[in-house]
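Student: Got chain A sorted already, so can you dock chain B onto it with the hints?
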Amino acid sequence: MRIEDVVCPFCGCLCDDLVVSVEGTKVLSVENGCTLATEKFTGDHRLAHPIRRTGGSWEKTTYDVAIRETAEILLDAERPLLYGWSGTFVEAQTIGVHLAELLGAVIDNTSTVCHGPSIMAIQEVGHPGCTLGQVKNRADVIVYWGANPIEAHPRHMSRYTTFADGFFVKSAFRDRKVIVVDIRETDSSEIADEFVKVTPGGDYAVLSALRMIVRGKGELVPEKVSGVTREQLFRVANICLSARFGAIFFGLGLTMSRGKYKNIRNAIELTEELNRHTKFTISPMRGHWNVYGSNEVFTWITGYPYAVDFSRGIAFYNPGETTSVDILRRKECDACLVVASDPGAHFPRACAGHLASIPTVQIDPHVNATTHLSRIQIPVAVTGIDAEGTAYRMDGVPIRTRQLFSTDYPDDVAVLGRIYSLVKEAKG
Amino acid sequence: MRVILKTRPRKKPHVPIEAEGIIPQNFLRKNDLSVYEGNRERHLEDLFFVTVEGPAVSPDQVEVILTGDTGRIKRVGEYMNAGRIIIEGDIGMHCGNFMSAGEIIVRGNADAWLGREMRGGRILCEGNAGDYCGAGYRGEKRGMRGGTVEVMGNAGDFVAEYLSGGEVIVHGDCGDLPGVEMRGGTLVIGGNCSRPCGNMTGGTCMVLGDPGELLPSFRRNGSTEAEFGGKKFRMAVFRGDVANRGKGTLLVREDLKSSRP
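Chains A and B are the protein sequences, given in the same order. Here my numbering runs 45 ahead of the position in the first sequence, where the first position is 1. Here my numbering runs 7 ahead of the position in the second sequence, where the first position is 1.
In short, the hints are calculated from the structure, not lab data. Please note that the accuracy of each hint is not assured.
Stated by the list, open to error - Partial selection, computed: residues in chain A whose CB lies under 7 Å from chain B:
1. Arg124
2. Ile195
3. Ala250
4. Gly261
5. Val266
6. Lys307
7. Arg374
8. Glu377
9. Asp379
Small disclaimer: the values here were computed from a predicted structure and weren't measured. We put the beta carbon where it would ideally sit given N, CA and C, even for glycine.
Bound-form chain A, shown alone:
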């Protein structure tokens, strides 16, 4: 069977033009998708049934037992941590937040290791952003700062920027100027009109220098700023100032390097400064396909986008204190529920070590690095393949993912809903 307009549940682009051929419960081929999408749809590392660790080995168990034991572990904990959420749909995320409130837990999503600093900067100075459709149809200057879309978001350039013709940009490849700022040459920098090579950790100073030039204080800029010559800084500033519509996209090279959220704040303030002269926007290159959704859900229920601590019964938020990496590094939490994420692969070693030392339960379709740190794993349906649900694209546009076929796996809502019911019953 050939299914059209399939939404890809891999990265924040949420490409919605895939054509997928399926036979029964097997994906045969993927058209229009990038290699990441193809691997996501055709990969086969699914866990067949719930497992629990007994002694040094795994044993097969039932959903009933796994769910009941998970509820007991969470109820017994004094500082449970519910982490992940970015690889599932918003309906499941909603149950997660309510579960955290009921338990007095800390709930955090993968923003904590990606664009959390972007959100902190936005909370300080706002967000002059726009949708990807606006960029596609209007932008004649694109800046990728600390991002390598060709490898991390392979269709971003072909759908929205460099290679995508738009309503007001008839010949994108000729009419759009692309600037790439990074600490090293990448596949993306090779096709840029201007590549700005910054010394590692020097982004803040370069952004400050650009702000000064745009503000008319360029005479103070020294000969070189963090490896970038004065001439190039003026050239970049002039390209931006001569744009009819400019769009800055930034990645983890900016959010997770020295200065963190202050880098993003500086970039937003540069954008605001450019808006005194022309139209400019700035947007994060979100990684997980529904990490933006988790920020939305957390915010609309608790007021905070990630790292929400319910231990006092009300929501408290303080990145650096209530973020998962910090909680795990300080060995604060005494139980952890990981949903639709893989901290075992992404977190520092000390954090993974603490996950292995406490009762950790993972709800995830696949065997991954976190499996080896867990006591229980409950497999579920993959959203966008054998489950459907709502996700948010990197520009905040909600998109409904499709179910391509049915399997016997329950989805995240079913499993989390049962855990919530058991906890609710115990709490009275």
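Tutor: Here is chain B on its own, set in the frame of chain A:
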């Protein structure tokens, strides 16, 4: 009155305790104080051996002494407005949040957000302080507004972020971006740091050690003489942050202002 709080052994010693109730004025009347251990509400006596010596008729006469494993206790001294707290060892995050008067002495190290949004009084940390010493809460446009925080050791990143008043003195080194977004008050760094005062709009920051790389957005504005620790130094004066139309003052030692980027 002297109140001695000695921590009891805990089954899960890494679970943080939130104890904003530990302020001198709360011990004047024999209130039943509660604290939180993770998501569990506890009586003060469940987590501390409490000893009270002598009388007091006002909070000024109350001295609270914390001993034992105190490094995970958060929010001690929050909204404190009189008296004294002495912490014999380390202290957890947010010590002295919003305090307006009185004194806190930390004999060991203090975790992050020491003196957060402090209005008055004095905090002395004899060891090291963590990140955001004398800063504000997330999204808050004003950090510390009055009083003095003195750290005898080193401090972490983002020290005195959004500093709006009062004085932060760090005798040792600071991490990255001390005085970032500061708009008033005084920050003195006795040791080294990197990228001081990004985006500052007001206030004065003095760096007696190596400031590392200075941001390009500061304009040289002559030189002056300054005194710290009984010594006199020739200081280069910078004004900025120009990128932010700032009118703050950054003083760095004339002989150490090594590296403009």
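Student: So, for every hint listed, does it hold in this structure?
Tutor: Hint by hint, here is what the structure shows:
| no. | hint | result |
| --- | --- | --- |
| 1 | Arg124 | holds, 4 Å |
| 2 | Ile195 | violated, 29 Å |
| 3 | Ala250 | holds, 5 Å |
| 4 | Gly261 | violated, 10 Å |
| 5 | Val266 | holds, 6 Å |
| 6 | Lys307 | holds, 6 Å |
| 7 | Arg374 | violated, 11 Å |
| 8 | Glu377 | holds, 6 Å |
| 9 | Asp379 | holds, 6 Å |
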